[in-house]
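Peer 1: Protein chains in written order, with UniProt numbering: chain A, 1 to 336; chain B, 1 to 336.
Treat the hints as calculated values from the structure; they're not laboratory data.
Note that this is a predicted model, so its numbers are computed, not measured.
There's no promise every hint is true.
The following label-pair restraints were derived from C-beta to C-beta distances [claimed, not checked]: (1) Gly68(B) with Val15(A): 54 to 64 Å; (2) Ile67(B) with Lys145(A): 35 to 45 Å; (3) Glu57(B) with Gly66(A): 45 to 55 Å; (4) Glu57(B) with Pro181(A): 50 to 60 Å.
With a cut-off of at most 20 Å between alpha-carbon atoms, the simulated EDC-like pairs for lysine to aspartate or glutamate come out as follows [to be verified]: (5) Lys173(B) with Glu146(B); (6) Lys257(B) with Asp226(B); (7) Lys303(A) with Glu189(A); (8) Lys257(A) with Asp226(B); (9) Lys168(A) with Asp214(A); (10) Lys59(A) with Asp214(B); (11) Lys170(A) with Glu146(A); (12) Lys173(B) with Asp194(B); (13) Lys88(B) with Asp114(B); (14) Lys301(A) with Asp214(A); (15) Lys200(A) with Asp226(A); (16) Lys205(B) with Glu57(A); (17) Lys168(A) with Glu202(A); (18) Lys88(A) with Glu109(A); (19) Lys257(B) with Asp214(A); (20) Lys200(B) with Glu182(B); (21) Lys59(B) with Asp214(A); (22) Lys205(A) with Glu57(B).
Don't be surprised by glycine CBs; every beta carbon is placed ideally from N, CA and C.
There are 2 protein chains.
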Amino acid sequence: MSEQNTQVKLIKRPVGEVQNSDFEVGQAPIPEPRDGEVLIKVHSLSLDPAMRGWMNEGKSYVPPVGIGEVMRALGAGQVIRSRDAKFKEGDWVSGIVGVQEYAAVPAKELTPIDPSLAPVAKYLGVLGMPGMTAYFGLLEVGQPKEGETVVISGAAGAVGQVVGQVAKLKGCKVVGIAGGPEKCRFLTEELGFDGAIDYKAEDVKAGLKRTCPDGVDVFFDNVGGDILDAVLTRLRMHARIAICGAISQYNNTTPVKGPSNYMSLLVNRARMQGLVVFDYRHQYAAAAQEMAGWMAQGKLKSKEHIVRGIEQFPEHLMMLFRGENFGKLVLQVAED
Amino acid sequence: MSEQNTQVKLIKRPVGEVQNSDFEVGQAPIPEPRDGEVLIKVHSLSLDPAMRGWMNEGKSYVPPVGIGEVMRALGAGQVIRSRDAKFKEGDWVSGIVGVQEYAAVPAKELTPIDPSLAPVAKYLGVLGMPGMTAYFGLLEVGQPKEGETVVISGAAGAVGQVVGQVAKLKGCKVVGIAGGPEKCRFLTEELGFDGAIDYKAEDVKAGLKRTCPDGVDVFFDNVGGDILDAVLTRLRMHARIAICGAISQYNNTTPVKGPSNYMSLLVNRARMQGLVVFDYRHQYAAAAQEMAGWMAQGKLKSKEHIVRGIEQFPEHLMMLFRGENFGKLVLQVAED
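The shape of chain A in the complex, shown without the other chains (with noise of 0.2 Å):
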């Protein structure tokens, strides 16, 4: 074990891109957990959109990340030091941890995970909040209906992908927009989407009359910008968008473009409702169980890009917004 904790912290709230100059790559005394903490040793860390909202000023739904600061990370590492009787030493966990090696949380805060089960990284993706998000954001504010057709962006993505499985159990048409050919296989051939879009390759909107000929009952939207207007023109009457993200617009100069063709809302009488997975939190151990009994059948499946080299964190954030990334991006900090 390191004598030291590597850790690292926003120094500058990012304009645009994030760049390396936004971020200070240090090291401190590793943390004494306080009474009702426990220190963890961070293994593997994940790499959200969200974050580049999170290092902007400015009310949000959850306080942004203060100048000086560690960077805030969703992560999971083992307990080696526990001050309380919820944890004890060698036990695996989840949460906010923080970009950094070691991490003193409150206990209340972790989940346990057990990775005799499934990998670390997983636990981030699927078994985490992105498969949630997934859960929720498409059986609460999506509300598929078996038969309807079922759209979402960012399809290869950690999201993603959990959304088109779950709505083909539910028996709906799914399809997936992603960019480039090797990502759209993957959603028809390896997650059984009914149809692909490759958006670098094709039109989207003619891409969406060649895939769902008759409309789009629901749409769940990771990226924004041309895409969502895109599907806009497209819906079905009584159709809903989940908003889950907007990644094509995270890194704006300028300010966010919005749908233009949102009086499509009025013409079918449609909704669009935004989402934010916090709000099912009492409901997510009935979720996760429900996502476990799906992936022992091989019902639901996964893949997670994982990449290493704490110091490199605003390089790899960056793979999300330029869609480098296939899967759950996770950073790894620790060797298994």
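Guided by the hints, dock chain B onto chain A, whose structure is given.
Peer 2: Chain B only, in chain A's frame:
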């Protein structure tokens, strides 16, 4: 009774603001009603923002008016010949009559009205489609709860004035956005709104801070554009936006301005939903009865703005888009 039927036909699809040259005023013989139809002498026509959309090509909630056809319009008048058992000569009716002095219309598409109970113009406003739009848009889409804050754009218009008064009857705090001190005074002094924002004199965001310091639970939007964007910045958690119209955008020659701040829907777990009043047609009768009761008790007032001259139809219509009407805009085409 004149021997001729003055008609206004759409002869060109307008680009931007409607022009006189987009229409042709002409004379035609008074039509003969067919079996199942009645001949109506039109008394008044309803001038609605939606008319601008009906002139455009493309998919909407109703087909566009064809080139060379009489411009579509709701209106009211008296039956002067009947070939259906439902109505007899002398009955008063409302329905889609078109911009003309005489119309032959299927009896089953008409609603009986009673000018001895309320002036004809009110049957095109508070007791007609605008009233129904207000009632169902607020109650079914907005779903206001007692004590919540309801904000309305285009608040002094045909729909807005009814929305605000119904929201007050449901125990809400009500703020209207309108143009000019006279309209704002009307909202607070005549209709009992709790506050008003004069968008021509005050920054709307600042006005919302002033009048709704705790934020907005329900926004009933008739206007779109910058006003929608301003309200999006002031939503409360789980807010509902009813999209009834976007009058600021109907004459655009550039693309519609989509709401840049739509990610506020995510942050606030809010929803934005479109409505078309026709979907509630099976509940019109019950709603009209409740509204008539409120009117009889003096709890629901309305203001109409009556103009004359069917030949000047395009200029009258443009008053709506310039905010020059004060209350429901009605074009009276026959003498009382």
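Peer 1: Against this structure, judge whether each hint is valid.
Peer 2: Structure-based check of all given hints:
1. As the Cβ distance of Gly68(B) to Val15(A) is approximately 55 Å, the hint placing it in 54 to 64 Å holds.
2. Between Ile67(B) and Lys145(A), the C-beta spacing of about 40 Å keeps the proposed range 35 to 45 Å intact.
3. At about 53 Å, the CB distance of Glu57(B) to Gly66(A) agrees with the hint of 45 to 55 Å.
4. Range check, Glu57(B) to Pro181(A): about 36 Å between beta-carbon atoms, so the 50 to 60 Å window is missed.
5. A distance of roughly 8 Å separates the Cα atoms of Lys173(B) and Glu146(B); the hinted pair therefore holds under the 20 Å criterion.
6. Only pairs whose Cα atoms come within 20 Å are accepted, and Lys257(B) paired with Asp226(B) is accepted, the gap being roughly 8 Å.
7. Taking the CA atoms of Lys303(A) and Glu189(A), the gap is near 13 Å; set against the 20 Å cutoff, the hint holds.
8. For a cut-off of 20 Å, the pair hint linking Lys257(A) to Asp226(B) stands: about 13 Å separates their Cα positions.
9. For the given pair, Lys168(A) sits about 18 Å from Asp214(A) by alpha-carbon distance, which is consistent with the 20 Å threshold.
10. Restraint check: the Cα-Cα separation between Lys59(A) and Asp214(B) comes to about 14 Å, which is no more than 20 Å; the hinted pair holds.
11. With a CA separation close to 6 Å, the supplied pair Lys170(A) and Glu146(A) stays within the 20 Å bound.
12. The hinted pair formed by Lys173(B) and Asp194(B) meets the criterion: a straight-line CA distance of about 6 Å does not exceed 20 Å.
13. The straight-line distance between the Cα atoms of Lys88(B) and Asp114(B) is roughly 14 Å, inside the 20 Å bound, and the hint therefore holds.
14. Under the criterion of a C-alpha separation no larger than 20 Å, the hint pairing Lys301(A) with Asp214(A) is inconsistent with the structure, at around 28 Å.
15. Among the hinted pairs, Lys200(A) with Asp226(A) is consistent with the structure: their alpha-carbon atoms are about 12 Å apart, no more than 20 Å.
16. Restraint check for Lys205(B) and Glu57(A): satisfied, since their Cα atoms lie roughly 19 Å apart, inside the 20 Å limit.
17. With a C-alpha separation of about 24 Å, the suggested pairing of Lys168(A) with Glu202(A) is violated against the 20 Å cut-off.
18. Taking the CA atoms of Lys88(A) and Glu109(A), the gap is near 15 Å; set against the 20 Å cutoff, the hint holds.
19. Simply put, Lys257(B) and Asp214(A) have alpha-carbon atoms about 27 Å apart, too far for the 20 Å limit, and the pair is violated.
20. A hinted pair counts as satisfied when its Cα atoms are at most 20 Å apart, and Lys200(B) with Glu182(B) qualifies at roughly 12 Å.
21. Distance hint between Lys59(B) and Asp214(A) is fulfilled; the C-alpha atoms sit about 14 Å from each other, no more than 20 Å.
22. Between the alpha carbons of Lys205(A) and Glu57(B) the distance comes to roughly 19 Å, so the proposed pair stays at or under 20 Å and holds.
The structure fails hints 4, 14, 17, 19 (numbered hints given earlier, in ascending order).
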